[in-house]
Amino acid sequence: MRPFAYDRPDTAAAAVAAVADRPDAAFLGGGTNLVDHLRLGIADPGLLVDVTSLTSTEIVDIDGGLRIGAGVTNADLAADPRVRARLPVLAAALLSGASGQLRNMATTGGNPLQRTRCPYFQDPASACNKRVPGSGCAAIGGATRNHAILGASEHCIATHPSDMAVALAALDTQVRILGPDGGRTLAFTDLHRLPGDTPEQDTELAHGELITAIDVSYPRGRHAYRKVRDRASYAFALVSVAAVLDVVDGTVLDARIALGGVAHTPWRAVRAEDTLRGGPATEEAFAAAAEAELADARPQPGFDGGNAFKIPLARRTLTATLRQTTPRETA
Amino acid sequence: MDPELTLTVDGATHTTTCDTRTSLLDLLRRRLGITSPKKGCDHGQCGACTVLVDGRRVLSCLTLAVTRDGAEVVTAAGIDGPLPQAFQEADGFQCGYCTPGQVCSAAGVLDEHARGWPSVVTADLTDTPALDDAEIAERMSGNLCRCGAYKGIREAVRTAAGAATR
Amino acid sequence: MTDVLEPRAIGRDLLRRDGGLKVRGTAVYADETPVPEGAGPPAYCRVVTSTVARGRIVDLDTTAAEALDGVQRVLTHATAEHLASTEDRELAVLQDAEVGFRGQIVAAVLADSDEIAREAAGLVEVRYAAEATNAELRAELRADRTDLYTPEKVNAGHETDTATGNMDDALALAPVTLERTYRTPMQHNNPMEPHATSALWTGTHLTLWDSTQSVHRVRDTVVQVFGLAPEQVRVVCPYVGGGFGSKGTPHANVVTAALAARALPGRLVRFALTRQEMFALAGHRTPTIQRLQLAAERDGTLRGIAIDVVEQTSKVKEFAEQTGVPTRTMYAAPNRRTTHRLAALDVPVPSWMRAPGECPGMFGPEVALDELAVELGIDPVELRIRNEPEVDPETGRPFSSRNLVACLRAGAERFGWADRDPEPGTRRVDGWWVGTGVAASVYPTIRMTKSTATVRREGDRYVGRIGAADLGTGAYTVLPQILADALGVDEARVDVLLGDTDLPEASVAGGSSGTTTWGSALVEAAREFRDEFGDDPREGDEAAADVPPNPAEQEYVMSAFGAQFAEVRVHADTGEVRVPRLYGVFACGRIVNPRTARSQLLGGMTMGLGMALHEQSLLDPRTGAVVNHDLAEYHVPANADVADLQAHWLDEDDPYVNPMGSKGVGEIGIVGTAAAVANAAWHATGVRVRDLPITLDKVLG
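These protein sequence lines map, in sequence, to chains W, H and D.
Numbers given in my numbering equal positions in the first sequence, counted from 1, plus 75.
Numbers given in my numbering equal positions in the second sequence, counted from 1, plus 346.
Numbers given in my numbering equal positions in the third sequence, counted from 1, plus 1.
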């Protein structure tokens with residue numbers, strides 16, 4: 076880790092300008108991912124621009140939803156009464172992630188941008204196209220338990236580690252971005268990229284673009300977030316499912332579903348949604364939706380046994396989570 | 347030129363310079379000689395470095411010191427009240443290395459619970475749950491203890507929570 | 002028969018004496034040692050480690066690192082001092098260009114700050130010879146390897162192979178036989194405190210403030226490696242942030258710290274391994290492959306039991322885990338065989354990890370017994386009771402005390418075993434399959450032969466001195482309890498000083514032998530003290546004594562036993578495995594302090610739970626690297642993994658073991674836990690997992 080300059084400008088615009096100016100500059104938010112990377116020797120910025128006090132730390136009501144300032148911590152967001160009552164899928168996803176201490180640090184703007192936990196990405200001695208484009212992918216044929224079953228490429232099989240992002244991908248979420256040329260808005264589901272042949276690019280953000288807020292609409296329906304992991308807490312997901320199902324008289328009017336732990340992006344389960352929409356909210360329909368979503372899933376062999384198990388696991392977890400969103404018939 | 351910063355740690359004010367690369371943990375331990383917070387992993391994966399910064403529990407290993415100019419830091423050495431004694435009574439530690447982080451985290455848990463924050467095991471997220479064994483276990487899971495003192499740790503937190511509400 | 006102390010302080014539920022310091026974080030660990038008076042500003046050491054597992058360094062460029070402002074030295078095999086002894090290859094740090102495993106230290110940077118040292122380490126450029134490519138790497142343990150060999154002995158001096166009767170005949174003749182292969186993975190101790198040393202060389206004397214389970218062992222090793230006189234080296238360690246065996250023997254980091262200090266005389270050099278580095282440099286538990294054979298009558302009586310173990314060691318240095326040893330003592334059977342075979346691989350050096358031998362070695366046999374019980378339709382508690390030996394099956398000697406059956410019965414009672422339906426995969430509660438399982442625990446009662454203690458009257462107090470270690474075991478608290486009873490005085494008037502080679506020589510805190518060994522030395526010293534000075538000693542009166550011989554050790558086999566009962570839930574949708582209940586009942590002699598002993602037993606069971614569900618070091622056979630080399634990916638149990646965990650013990654009076662009547666509690670808790678969980682997971686699901694850990698993919702079905 077070489078020495079870097081540290082700057083805390085007065086405005087977000089100044090921060091954007093400062094980063095846009097220097098190819099080796101980076102924004103610093105909660106730091107939970109970037110500081111880790113500095114120490115691993117896989118990030119080497121010359122300038123860190125601290126934005127924690129520049130973006131809003133407020134959660135404000137907007138028409139039909141909330142505008143969440145990029146500086147709002149994961150802990151504060153999960154504790155917000157509006158989020159708990161009307162976006163429980165988001166609250167549950169946030170509370171499933173990391174630990175109490177990390178949630179006090181991680182921010183709304185930073186969490187979705189955290190990079191993969193692929194151990195080969197994190198090890199400078201291993202080949203990794205995401206870290207060093209063109210160097211190869213040591214994960215292929217390596218330990219692949221935590222790797223992708225959907226949307227992977229021959230260049231990268233990494234997964235996205237965020238829980239929060241899975242819920243945001245399921246919801247109607249817009250990302251408000253400030254760049255050197257002004258502001259723009261991006262659908263959250265367009266933020267992350269599949270690896271293809273440029274896995275070094277995690278997202279559609281250009282250098283110098285800063286997330287300033289995230290807008291989330293309240294959906295109709297019942298929410299559920301289910302995270303499956305090896306340890307009971309403080310572990311990344313093997314598979315997670317965020318689901319909001321709007322069921323009236325046994326018919327699915329709308330379905331919002333996303334998967335975590337299975338792809339380079341928080342995976343919006345469009346096929347499952349399409350399968351469900353307009354049909355009955357039954358166990359068979361849920362299973363069919365899961366089947367459809369995982370139809371193109373491909374396992375990654377590995378010396379650790381590989382990750383083929385994640386295909387049935389994702390299918391079963393998806394089915395179970397959909398079941399959870401459906402009111403049980405009780406007296 | 348190393349930047350200058352001022353911190354209050356356990357009530358005492360310190361003004362010092364530091365390398366921008368220095369974590370709050372290393373600043374406390376190396377520069378200020380305050381070794382209560384421990385380095386177990388240096389990557390936010392164990393919780394041994396937990397301190398309270400401006401009242402919230404955070405990981406000092408993933409906090410760059412330079413970002414916390416003016417902050418008020420509390421380490422386990424600065425935590426009074428029922429927690430330290432409760433940890434001793436419950437034998438909520440063995441080797442003691444993760445313990446200052448556990449104590450700080452426990453202080454954070456009590457505060458977060460008092461604010462009505464839910465956890466992922468809270469059945470109804472709109473509720474303020476009672477701090478039962480499962481709630482404490484989940485909320486304390488960011489602090490690993492290789493000696494396996496979890497049962498005693500939970501007992502200590504429960505006892506201190508009871509003392510706080512009496 | 003030894004004279005057993007009349008317990009007054011012994012048995013009391015006293016708080017830890019070091020508790021106040023530990024909860025505030027003011028107990029001083031190795032890396033926190035204040036700079037001694039007269040020493041210069043501290044220097045920081047960071048190492049460069051090999052990125053290949055086998056080969057030779059052909060070029061090592063330190064120019065950029067040395068040019069960095071604040072860098073004091075860069076040590077390499079070309080610049081480091083020549084060590085007096087390189088016999089122990091693990092400790093031959095920076096002595097030649099050979100690389101024996103990935104993660105080996107190839108350079109050490111000393112700088113004025115940790116940040117600069119780290120940056121400089123990143124600037125060191127190392128090139129390796131082409132032979133270092135990983136094409137022919139030998140890093141994968143398999144039972145069918147053709148290069149397996151028979152070690153001369155296995156750890157703790159046990160015979161490599163044993164045989165009684167004729168196992169083959171037993172298998173041929175018995176009405177019921179069972180042959181299964183079980184696997185336990187590579188594991189890492191991962192104490193919370195990374196291995197650390199603060200070192201100061203003054204020109205003639207070396208002081209090491211080291212995180213160790215044995216200051217004397219560190220001293221003796223450093224004396225030998227550096228060719229120094231014992232009086233030139235002092236090792237100090239008041240507190241240890243856990244070790245579980247990895248700090249029982251000095252590893253390469255200690256030698257590196259000493260090399261660094263000698264390169265910078267007069268400055269305190271701090272060297273702490275990173276968590277990642279610990280996975281290559283601080284020892285590990287070998288993976289094991291255990292082939293179990295059982296031959297039984299239909300009533301469950303064993304006619305034969307055999308275990309053939311395959312495990313790994315490092316090409317650099319041999320460590321042969323005694324995995325087959327517990328099978329030699331657990332159950333009666335006229336025909337028996339145990340064997341150990343090793344593969345010497347391009348991997349880091351394995352070493353002690355909590356209950357080496359017993360811990361992995363009670364997984365295969367205790368699951369096999371469960372499988373046999375199922376096959377025979379006999380309750381697994383009952384099957385164990387039916388095979389209880391009257392004397393030690395291996396030696397024919399009686400046990401000084403053996404209460405396995407009592408533990409099984411008491412545990413069954415507490416756990417509510419009686420109503421258990423043996424049918425697997427039939428109980429579903431709230432979406433979880435529920436099952437229960439049992440396994441036995443064993444750990445030998447070890448007392449080291451060498452340890453010395455002194456007792457001295459100081460003011461109104463009695464001060465014991467012994468260079469022992471408290472790594473969370475409670476030694477600071479229980480040794481005064483023992484000494485008080487030996488002196489016949491109030492415990493509050495007794496102190497025992499530990500953790501310094503300036504104190505009398507003590508054995509390692511390992512093998513669950515601390516209390517038995519150091520306690521014996523203190524009791525003997527107290528006896529000498531009372532003989533010499535009576536009950537009214539004067540200021541400065543002092544007596545010293547060694548651990549006395551115990552002739553009973555030749556007549557009796559001494560072991561602690563236990564039984565563990567687990568309830569396992571497996572989620573019907575996701576396969577997630579949880580352990581809502583885990584009860585252990587142990588017979589481990591007299592308990593000196595119930596509070597600290599309970600914590601030791603619970604801690605062992607918790608680590609056993611981790612072994613059952615989580616722990617597995619993934620060594621990439623392509624590179625020899627442990628891929629999951631951090632605490633995010635190498636999962637040790639978190640708080641939420643531990644639910645209703647209980648440790649109980651039986652009152653056990655054993656007049657033969659030592660004057661305290663104690664057997665040691667540090668390791669038995671981890672023995673058998675994983676088998677109990679695996680057996681319960683089978684009972685829950687009907688899926689028999691024979692390779693640890695029991696992750697959801699293995700039970701998902």
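No lab work stands behind these hints, which were simulated from the structure alone.
Everything numeric in this text was worked out from a predicted model, so none of it was measured.
Where hints are given, some of them may not hold.
Where chain D lies over chain W, by a calculated footprint (3+ residues, C-beta under 8 Å) [stated by the list, open to error]:
#1 76–89
#2 184–196
#3 208–218
#4 316–322
#5 351–363
#6 384–396
Simulated restraints on C-beta separations [stated by the list, open to error]:
#7 D:E533 to H:E418: 55 to 65 Å
#8 H:G508 to W:P208: 41 to 51 Å
#9 H:P349 to D:K451: 47 to 57 Å
#10 D:A65 to H:P349: 18 to 28 Å
#11 W:A88 to D:D113: 37 to 47 Å
#12 D:D532 to H:G379: 45 to 55 Å
Even for Gly, the Cβ is constructed at its ideal location relative to N, Cα and C.
Each hint, compared with the structure:
Residues of the stretch 76–89 of chain W with a Cβ under 8 Å from some Cβ of chain D number 3, which satisfies the need for three, so the listed coverage holds. Coverage of a stretch by a chain is defined here by at least three residues with a beta carbon nearer than 8 Å to that chain's beta carbons; for the stretch 184–196 of chain W and chain D the count is 3, and the condition holds. With 4 residues carrying a beta carbon less than 8 Å from a beta carbon of chain D, the stretch 208–218 of chain W meets the three-residue requirement, and the given coverage holds. With 0 residues having a Cβ less than 8 Å from any Cβ of chain D, the stretch 316–322 of chain W misses the three-residue criterion, and the hint is violated.
Using a Cβ-Cβ cut-off of 8 Å, 0 residues of the stretch 351–363 of chain W lie near chain D, which falls short of the minimum of three, so the contact claim is violated. Here the stretch 384–396 of chain W counts 7 residues with a CB under 8 Å from a CB of chain D, which clears the bar of 3, and the coverage holds. D:E533 and H:E418 have their C-beta atoms about 58 Å apart, which keeps the hinted 55 to 65 Å range intact. Our hint of 41 to 51 Å for H:G508 and W:P208 is violated, since their Cβ atoms are close to 57 Å apart.
Taking the beta carbon of each, H:P349 and D:K451 are about 55 Å apart, inside 47 to 57 Å as hinted. Between D:A65 and H:P349 the beta carbon distance is about 26 Å. The supplied range of 18 to 28 Å therefore holds. Evaluation of the 37 to 47 Å hint for W:A88 and D:D113 yields a pass: the beta carbon distance comes to about 39 Å. Evaluation of the 45 to 55 Å hint for D:D532 and H:G379 yields a pass: the beta carbon distance comes to about 47 Å.
Hint compliance for this structure: hints 4, 5, 8 are broken, all remaining hints hold.
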